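Engineer: Here's the letter readout for the chains.
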Amino acid sequence: MRSPAKHRRPKHTLGNAPGTIKYMGNREGDAQYISVTDYKENYINVQEFTSIEKVFTYRDTDTVSLIDIQGLNKEKEIEKLGKYFQINPLVLEDLVNTNQRPKVDEYEDYIFCVLKSVSLSASNKVITEHVAIILFKNSVLLFQEVENTVFDGVRRRISSEHGRIRYKECDYLYFALIDAIIDQYFVVLEDITDRIEYLEDQLYNHPSSGIVNEIQNIRKEIIDLRKNVLPVREISARLVNTEHKLIGDDTKLFLGDVHDHSVQIHETLEMLREMSMSLMEMYMSTVTIKMNEIMKVLTIMTSIFIPLTFITGIYGMNFHQIPGLQSEFGFYIVLGLMFFILILLLVYFKTKRWI
Amino acid sequence: MRSPAKHRRPKHTLGNAPGTIKYMGNREGDAQYISVTDYKENYINVQEFTSIEKVFTYRDTDTVSLIDIQGLNKEKEIEKLGKYFQINPLVLEDLVNTNQRPKVDEYEDYIFCVLKSVSLSASNKVITEHVAIILFKNSVLLFQEVENTVFDGVRRRISSEHGRIRYKECDYLYFALIDAIIDQYFVVLEDITDRIEYLEDQLYNHPSSGIVNEIQNIRKEIIDLRKNVLPVREISARLVNTEHKLIGDDTKLFLGDVHDHSVQIHETLEMLREMSMSLMEMYMSTVTIKMNEIMKVLTIMTSIFIPLTFITGIYGMNFHQIPGLQSEFGFYIVLGLMFFILILLLVYFKTKRWI
Amino acid sequence: MRSPAKHRRPKHTLGNAPGTIKYMGNREGDAQYISVTDYKENYINVQEFTSIEKVFTYRDTDTVSLIDIQGLNKEKEIEKLGKYFQINPLVLEDLVNTNQRPKVDEYEDYIFCVLKSVSLSASNKVITEHVAIILFKNSVLLFQEVENTVFDGVRRRISSEHGRIRYKECDYLYFALIDAIIDQYFVVLEDITDRIEYLEDQLYNHPSSGIVNEIQNIRKEIIDLRKNVLPVREISARLVNTEHKLIGDDTKLFLGDVHDHSVQIHETLEMLREMSMSLMEMYMSTVTIKMNEIMKVLTIMTSIFIPLTFITGIYGMNFHQIPGLQSEFGFYIVLGLMFFILILLLVYFKTKRWI
Amino acid sequence: MRSPAKHRRPKHTLGNAPGTIKYMGNREGDAQYISVTDYKENYINVQEFTSIEKVFTYRDTDTVSLIDIQGLNKEKEIEKLGKYFQINPLVLEDLVNTNQRPKVDEYEDYIFCVLKSVSLSASNKVITEHVAIILFKNSVLLFQEVENTVFDGVRRRISSEHGRIRYKECDYLYFALIDAIIDQYFVVLEDITDRIEYLEDQLYNHPSSGIVNEIQNIRKEIIDLRKNVLPVREISARLVNTEHKLIGDDTKLFLGDVHDHSVQIHETLEMLREMSMSLMEMYMSTVTIKMNEIMKVLTIMTSIFIPLTFITGIYGMNFHQIPGLQSEFGFYIVLGLMFFILILLLVYFKTKRWI
Amino acid sequence: MRSPAKHRRPKHTLGNAPGTIKYMGNREGDAQYISVTDYKENYINVQEFTSIEKVFTYRDTDTVSLIDIQGLNKEKEIEKLGKYFQINPLVLEDLVNTNQRPKVDEYEDYIFCVLKSVSLSASNKVITEHVAIILFKNSVLLFQEVENTVFDGVRRRISSEHGRIRYKECDYLYFALIDAIIDQYFVVLEDITDRIEYLEDQLYNHPSSGIVNEIQNIRKEIIDLRKNVLPVREISARLVNTEHKLIGDDTKLFLGDVHDHSVQIHETLEMLREMSMSLMEMYMSTVTIKMNEIMKVLTIMTSIFIPLTFITGIYGMNFHQIPGLQSEFGFYIVLGLMFFILILLLVYFKTKRWI
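Protein chains in written order, with this note's numbering: chain S, 1 to 355; chain G, 1 to 355; chain P, 1 to 355; chain C, 1 to 355; chain F, 1 to 355.
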C-alpha cells in the first residue's frame with residue numbers, strides 16, 4: 001500500500017538554484033494539451049492549440065480568456081509562457097512543483113495560487129491533483145497535470161448563453177474555478193462519512209478484524225485531506241481581505257462564501273477524525289469485552305470440570321484399599337458429591353454474575 | 001443507525017453557479033405555510049397566507065412584523081420574496097441550504113443569520129432544525145423547514161398585552177428569536193447530563209456491555225452539538241460588537257446575555273465531553289479489573305487441581321510395582337500429601353493477595 | 001451519586017422574557033436574612049433587618065455599607081431593591097439565577113459580578129455556592145443563598161478597630177470579598193492534593209479496585225472546579241484593567257494580586273488533573289502487570305503438569321501389552337522421565353525469565 | 001512518598017488581610033543570616049551582620065550592594081527592612097510566601113521578582129527553593145530560605161578583580177542572579193534526560209515493573225518543573241521589553257539571552273514529557289506483547305496435551321469390552337495416533353505463525 | 001542507544017559569566033579549517049588558510065566573500081575574529097555553543113543566525129550539525145563543526161560562471177545557505193516516510209514485536225527534528241518581515257519561499273507524528289486481536305476436551321459396581337455420548353461466532 005504522503009522533494013533537486021523550473025510529478029512522458037476559452041457577454045470561442053506561443057495573444061484581449069494548460073512536464077514551454085506573461089521564476093517553480101503546499105501569492109500584476117483538487121477514483125480512492133491558477137487582468141491561466149472533471153461545471157456555465165459568469169470579469173472566473181475545487185471536497189467528505197457509517201453498522205452486526213485496517217485507512221485519508229484543507233482556509237481568508245486591484249468587491253462577497261465552505265470542510269474533517277477515533281476505540285472495547293466473555297467461558301468450564309476430574313482421579317488410583325470402592329452405592333455417592341460440587345460452583349458463578 | 005453528520009452537499013449541486021437557490025433538505029413534498037404576526041404597543045394582528053406575495057406589504061409598515069415562512073422547498077416563491085425584499089442571491093442560497101453552517105452576515109439594509117435549533121424527540125433523540133432569520137428595519141423574516149415549538153414562548157409573549165416585547169423594535173424581536181433557540185440547547189444539555197449520570201449509576205451497579213454503545217451515542221451527539229454551538233459563539237460575539245444601524249444599544253445588552261449563554265453552553269459541552277470520555281475509560285477499567293478477577297479464579301482453580309490430578313494419575317498407572325499401593329495407609333498418606341500441597345498453594349496465593 | 005454538573009436551566013423558565021427575575025436554586029422555602037454593616041474609620045454599626053426597604057437609606061450615606069442579603073428566593077423583595085438601586089433587570093435575573101456562570105458586568109453606576117464560592121463539607125465534599133456582589137459608590141451589595149463562613153475573615157477585619165479595611169473605600173471592600181472567595185479555592189485544592197497523595201500511597205501499598213472510583217471522583221471535582229475557576233481568571237484580568245470610576249488605582253494593585261492567585265489556582269488545577277490522569281494510568285498499568293503475573297503462574301503450572309499428567313495417562317491405559325508395566329523399575333524410570341521433563345520445562349521458563 | 005505539589009496556602013492564613021507578612025515555609029526555627037557584598041570597579045567589601053538595621057546604610061551608597069538575607073521566618077525584621085526601603089506590603093507578603101508563583105512586579109523605584117531555584121540533592125531528588133530578588137538603584141536585595149550554592153558562581157565573579165560584573169551597574173547584577181538560577185535548570189534537565197535514557201536501556205535489556213514507578217516519578221518531576229518554568233518564560237519576556245528606568249539597554253541584551261534559555265528549557269521539558277510518555281507506552285506494549293507470548297505457550301501446551309490426555313482417558317476406562325485393548329499392537333497404534341495428532345497440531349500452529 | 005536529546009549545557013560552564021566563549025561540542029581535538037570563497041560577476045577566487053588573521057582582509061572588499069570556518073573548538077581564534085569583525089561577545093558565545101537552539105539576532109551591522117543542519121548517515125541515522133551564519137555587508141561568515149556536504153550545491157552554483165548567485169549580493173548568498181539547510185530536511189522527512197511505509201507493509205504481512213522499537217525510534221527522531229524545525233519557522237517568518245538594511249526586498253521574496261518550506265516541513269512532521277502514533281495504535285490492536293484469537297483456540301480446545309476427559313475419568317474409576325462397564329455396548333454408548341457433547345459444544349461456539 002502506498003502512503004498518501006506527498007511532501008517529497010526528490011533528491012536530485014537538492015542543490016538547484018531557487019527559481020529553477022523543474023517538474024516534480026511522475027507523468028513525464030505525457031503530451032501537453034492547451035486550450036483557450038475566450039468569451040464575453042455575447043461571444044464565446046473555444047480553441048485548442050499544440051504550441052504555447054498561440055495563447056500569447058489572449059493576454060491583452062478585452063474578453064475574458066481561460067487559458068487551460070494540461071501537462072506540467074514541458075518545463076521549456078512553461079518558461080516561454082512565463083517570460084511572455086512576465087511571471088516571477090519563483091512562481092514558475094511552484095507551478096510545476098507538484099509537491100507544493102497550497103498557497104496564494106499576490107504580485108503587482110497577477111495573483112497566483114496553488115490548490116489541490118480532490119476526486120474519487122472508480123474504486124473510491126481519493127485522488128489528489130495539483131492545480132495552479134494565475135489571475136491576470138484579462139485572462140486566467142489554469143495549470144493541471146491531467147484533464148480534471150472538476151472544472152466541467154464551470155465550462156458548462158461559460159458555454160450557457162445566460163450564465164451569470166458571462167457577464168462578469170476575470171476575477172469572477174477565478175473565484176468560480178476555486179469554488180469548483182472546494183465543492184469537490186464535500187463529495188469526498190460525504191464518501192468518508194458514508195464509509196464511517198457503514199463501519200459503524202458493521203461493528204454492531206459483524207465485527208471483524210478487517211475493520212481496524214479500514215479505520216486506519218480512513219484516518220490516513222483524513223490526515224492527508226487536512227494537510228490540503230488547512231492552507232485553503234488561510235488562502236480564502238486572505239483573498240477575502242485582499243486589497244489587490246484585480247479582485248472586485250463583488251467577487252469578495254463570493255470569496256467570502258468560499259471561505260465559509262473551507263471553514264465548514266475543516267470542521268467536518270475534525271469531526272470525522274474524532275468519529276474515526278471514537279470508532280477505533282469502540283472496536284477495541286468490543287474486542288476487550290469479547291475477550292472477557294471468552295475468558296469467562298474458559299474459566300467456568302475449567303473451574304467446573306477440573307475439580308470433578310480430580311475426584312474421578314482419586315477413585316481411579318490403584319490402591320488396594322480405597323474406602324467405598326467395594327460399596328454398592330459408592331459410585332452413586334461419588335456422582336452425588338460431584339453434582340453437589342457442580343451446583344456449588346454454578347451458584348458461585350451466578351453470584352459473581354458470570355453466568 | 002444514522003450518523004448525525006449533516007455536512008452533506010448532495011452531488012447534483014456540483015457545477016451549479018453560486019447563488020443558485022436550491023433546497024437541500026429532504027422534505028420536498030411539503031406544502032408551504034406562511035403567517036405574519038404584525039404588532040405594536042396597542043395592536044396585534046396574526047394572519048395566515050397561502051401566497052408569498054401577500055406578505056410584501058408588511059415590509060414597509062411602521063409596525064413590527066414577524067413574517068414566518070415554513071417550508072423551504074418552494075424555491076420559486078423564495079426567489080420572488082428575495083427579489084421584492086432585495087435580498088442578495090447568496091443569502092437566498094444559504095437560506096434554503098439546510099446544510100449551511102450557522103453564520104451571520106451583515107448587509108446594508110438587513111442582517112441575515114442561520115442557526116440550528118435543537119429539540120428532543122419523543123424517544124429523546126436530538127432533532128436539529130435549520131432556521132434562518134433576516135432582520136429588516138420594520139420586519140423580521142423567519143424561515144424554517146417545519147413548525148417548531150421553539151418559538152412558542154416568543155409568540156406567547158407577543159400575544160400578551162403587557163409583554164415588554166410589544167414596546168420594543170424589530171431588533172428586540174430578532175434577539176428574542178435567537179435567545180429562544182439558545183435556550184433550547186440548555187434543555188438538550190440537561191438531558192445529556194441526566195443520561196451520563198444514569199450511565200454512571202449503571203456502571204456502579206449493573207455494568208453491562210450496552211454501556212459502551214450508550215456512551216458512544218452520547219459522544220456522537222456531543223460532537224454534533226458542538227459543530228452547531230461553536231459558530232453560535234462567534235455569531236453572538238459579533239452581534240454584540242456590531243456597528244450595524246439596525247441593532248440598538250439596548251438590544252446589544254440583551255445580546256451580551258445571549259453571548260454569555262452560548263459561552264456557557266460551549267463550556268458545558270466540553271465538560272460533558274470530558275465526562276463521557278472519563279466514563280468510557282472507567283468502563284474499560286472495570287472490564288480490565290473484572291478480567292483480572294476471572295483470570296485469578298481460573299489460575300487458582302487450575303493451579304490447585306492440576307498438580308493434585310497429576311498425583312492421582314501417578315497412582316492410577318498400571319505398573320505392577322508401585323510402592324505403597326499395597327499398603328493399608330497408602331491411600332490416606334497420598335490424600336494427606338494432596339491436602340498438604342493444597343495448603344501450600346493456598347498460602348502461596350494468600351501471600352500474593354490473590355485470595 | 002449526583003454529578004456535580006450545575007449548568008441546568010430548569011425547563012419551566014423556557015419562554016420567559018429575558019430579564020425575568022426567577023430564582024433557580026432549590027432552597028425555595030428559606031427565610032431571607034438581611035444585615036447591614038456600616039462603617040468608617042472610627043465608626044461601626046451592624047444591624048439586622050427583616051424588611052428590604054430598611055436598607056435603602058444606606059445607599060447614599062458617606063460611610064461604607066456592606067449590605068448582606070441571604071436567600072435569593074424572594075424575587076419580589078429583590079425586585080424592589082433593584083428598583084430603588086436602579087439596577088438593570090438583566091442583572092437582577094443573573095443575581096438570582098444560581099446557574100449563572102461567573103462573570104463581571106460594568107454599568108455606569110455600579111459593577112456587578114457573580115462568583116462561585118467553594119468550601120468543604122464535613123464529609124470533605126466540595127460545596128459550591130452562588131455569590132453575587134454589586135459595588136456602588138457608597139455601598140456593596142452581597143447576595144448569597146445561605147450564610148457562608150467564607151466572609152467571616154472580612155467581617156472580623158471590619159470589626160477590628162485598626163484594620164486597614166476601615167480606612168479604605170467601598171472598592172477595597174469589594175476586593176476583600178472577592179479575595180476571600182478566591183482564598184477558599186486554595187483550601188479545596190489542598191484537600192484534593194492530599195487525597196491524590198493518599199491514593200498514590202495506597203497504590204504502592206494496597207492497590208484495590210476502589211481506587212478507580214476515587215480517581216474518577218477527583219477528576220469530576222476537578223472538572224467542576226475548572227468550570228468555575230476559568231471565568232474567575234477572566235474576571236480578575238478585566239477588573240485589573242478596568243477604567244471604571246469606582247475602582248481606584250490602589251485597589252487595582254490588590255486586584256492584581258487576586259489575578260495572580262486565580263492564575264495560580266488554574267495552573268494548580270491543570271497540574272492536579274494531569275496528576276490524576278497519571279495516577280489512573282499507573283493503576284491500570286498495575287492491573288495489567290498483575291494480570292501478566294497471574295497468567296505466568298497459570299501457564300507455568302499448566303505447562304508443567306499437563307504433559308506429566310499425559311504420561312501418567314499413557315501408563316494408565318488398560319492395554320494388555322504396554323512395555324515396561326511388568327518391569328520392576330518401570331515405575332521409577334517413568335518417574336525419572338517426568339522429573340527430566342520437569343527440569344527441561346523449568347530451564348525453559350528460566351531462559352524466558354518467567355521464573 | 002511526598003507529592004511535589006507546592007501550591008499550598010496553609011489554612012490559618014485565611015482571613016488575614018492582604019499585605020499581611022506571614023512566613024509560609026517550614027523552617028520556622030532557623031536563625032537569620034545577613035550579609036552584604038559591596039563593590040565597585042576597584043573596591044570590594046563583604047560583611048556579615050546579625051541585625052537587619054545594619055544593612056540600611058547600603059541603600060544609598062554609590063557602590064553596587066548585594067544584600068543577601070537568608071531565612072524568611074523573621075517577619076518583624078523583614079517588615080522593618082520593608083519600611084526603610086519603602087517596599088509595598090504586598091511585595092513583602094509575596095516575599096515570605098514560599099508558595100508564591102514566580103512573578104515580576106515593577107514599581108516606580110524598584111523591580112521585584114520571585115523565582116524558584118532548583119538543584120539536585122545527594123540522592124538526585126530535585127530540590128526547589130523560593131528566591132525573591134528586588135532591584136533598587138544602588139542595591140540588590142536577595143531573599144532566600146537557606147544558603148544556596150546556586151549563586152556561588154556570581155559571588156566568585158564579583159570577587160575576581162577583572163570580572164566584567166565589577167564594571168557594571170546593579171541591573172547587571174540583577175541579571176546575573178536570574179541567569180544563575182536559570183542555568184541550574186539545565187543541570188536538572190540533564191539529570192532527567194540521563195534517567196530517561198537509562199530507563200530506555202533497562203527497557204530493552206531487563207524490563208521490570210519497577211520501571212513504571214520510575215517513569216511516573218519522572219513525570220511528576222516534569223509536571224512540577226513546568227509549573228515553575230512556565231512563569232519564568234513570561235518574566236523574562238517582560239523584562240526584555242520593560243521600559244523601567246532601572247534596566248539599561250545593555251542589560252536587556254543579556255536578559256534576551258536569559259529569555260532564550262527559558263524558552264529552550266520549556267521546550268526541552270515538553271520534549272522530556274513526550275519522551276516519558278512514549279517510554280511508558282512502550283513499556284506497556286512490552287507487557288502486552290509478553291502476555292501474548294505467555295498466552296501462546298499456554299495455548300500450545302494445553303491444545304496439544306489435552307486431546308492426547310483425553311485419548312489416554314478413553315483407553316483408561318474400565319469397560320470390559322474396549323476394542324484393541326487385547327491387541328498386541330493396540331498400544332502402539334494408539335501411540336501412533338497421538339503422534340499423528342501432535343504433528344497435525346504443530347502444523348496448525350506453524351500455519352498460524354505461533355511457533 | 002543514545003537519546004537524541006541535545007539540550008545539554010555541561011556542568012562546568014555553570015558560574016561562567018555570560019558572553020564567555022566556551023566550546024560545547026565533543027570534537028575538541030580537531031584542527032580548524034578555514035577557507036574563503038571570494039567572487040563577483042566575472043571573478044572567483046577560492047583560498048584556504050591556516051591562520052584566522054588572513055581572512056580579516058575580506059571584511060571590507062567589494063566582492064562577496066563566503067568565509068567558511070570549520071571547527072569551533074579554537075575559542076581563542078574565534079575571539080580574535082570576533083574582535084576584528086566587532087561581533088558582540090553574546091553572539092560569539094552562542095556561535096560555539098553547539099547546544100544553542102536555532103535563532104536569529106539582528107544587530108546594527110550584521111545578522112546572526114544559528115541553525116541545525118540535518119543529514120542521513122550511512123546507516124540511515126539522522127545526523128544533526130550545529131551551523132552558525134553571520135551576514136555582513138560584504139561577507140558571510142559560516143561556522144560549522146565539521147565539513148558538511150549540505151553546502152556543496154551552493155558552492156557548485158558559485159563556481160558556475162552563469163549561476164544567478166554570481167550576480168547577486170551577500171544577502172542572496174545568506175539566503176542560499178539557509179535554503180540549502182532547509183532543503184536537507186526534505187530528504188530526512190522522505191526517509192522517515194519511507195520507513196513508516198515499510199513498517200506499515202510489515203505490519204500487514206509479518207507483524208513482529210521489533211516494530212514497536214522501530215516506531216519508537218521514529219517517534220524520537222520526529223520529536224528531535226521538531227525541536228529544530230519549530231524555531232526555524234519563527235526565524236524565517238522574522239527574516240521575511242525584517243526591516244534590516246542588509247536584506248534587500250528581492251531577497252525577502254526568496255526568504256518567503258524558505259518560510260513556505262519550513263511551514264511545509266513542520267506540517268509534514270506533525271503528519272508523520274500522527275502517522276507513527278496511528279501505526280503504534282494499529283500494532284497494539286493487532287496484538288490484542290491476536291490475543292483474542294489465541295484465547296479463543298485455548299478456550300475451545302479446553303472447553304471441548306475437559307468435559308470429555310471428565311467422562312473418561314468417571315468410567316476409569318475403580319468402583320466395583322459402575323453400571324454399564326460390563327455391557328457389551330457400554331463403551332460405544334459412552335463414545336456416542338461424548339460425540340453428542342462435542343457436537344453441542346461446536347454448535348455453541350458456532351452460535352457465538354468463535355469458529
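Hint data in this document are derived by calculation from the structure and do not stem from the laboratory. Incorrect hints may appear among the rest.
Simulated crosslink set (DSS-like; lysine-lysine; CA at most 25 angstroms straight-line) [as the list claims (entries may be wrong)]: (1) K290/S x K245/S; (2) K83/G x K103/G; (3) K352/F x K350/S; (4) K350/P x K290/C.
Derived contacts from chain P toward chain G, CB cut-off under 8 angstroms, selection only [unchecked claim]: (5) S209; (6) R219; (7) I223; (8) I289; (9) M291; (10) G316.
Here the structure is a predicted model, which is why all the values come from computation and not from measurement. Just so it is clear, CB atoms sit at the ideal spot from N, CA and C, and this is done for glycine as well.
Engineer: Hints first: check each against the structure and report whether it holds.
Structural biologist: We went through each hint and held it up to the structure:
1. For the given pair, K290/S sits about 65 angstroms from K245/S by alpha-carbon distance, which is inconsistent with the 25 angstroms threshold.
2. Distance check on the hinted pair: K83/G and K103/G sit about 22 angstroms apart at the alpha-carbon level, within 25 angstroms; holds.
3. Among the hinted pairs, K352/F with K350/S is consistent with the structure: their alpha-carbon atoms are about 20 angstroms apart, no more than 25 angstroms.
4. A distance of roughly 15 angstroms separates the Cα atoms of K350/P and K290/C; the hinted pair therefore holds under the 25 angstroms criterion.
5. At a threshold of 8 angstroms, the smallest CB-CB gap from S209/P to chain G is about 5 angstroms, leaving the interface hint in force.
6. Against a cut-off of 8 angstroms between C-beta atoms, the interface hint on R219/P holds, since the closest Cβ of chain G lies about 6 angstroms away.
7. A hinted interface residue such as I223/P counts as satisfied when its beta carbon comes closer than 8 angstroms to some beta carbon of chain G; here the least separation is about 6 angstroms, so the hint holds.
8. Below 8 angstroms, beta-carbon pairs count as interface contacts, and I289/P has none with chain G, the closest being about 10 angstroms; its hint is therefore violated.
9. The interface hint given for M291/P holds, since its Cβ lies 5 angstroms from the closest Cβ of chain G, which is under the 8 angstroms cut-off.
10. Annotation: G316/P was flagged as interfacial toward chain G, and the flag holds, the nearest CB pair being 5 angstroms apart, inside 8 angstroms.
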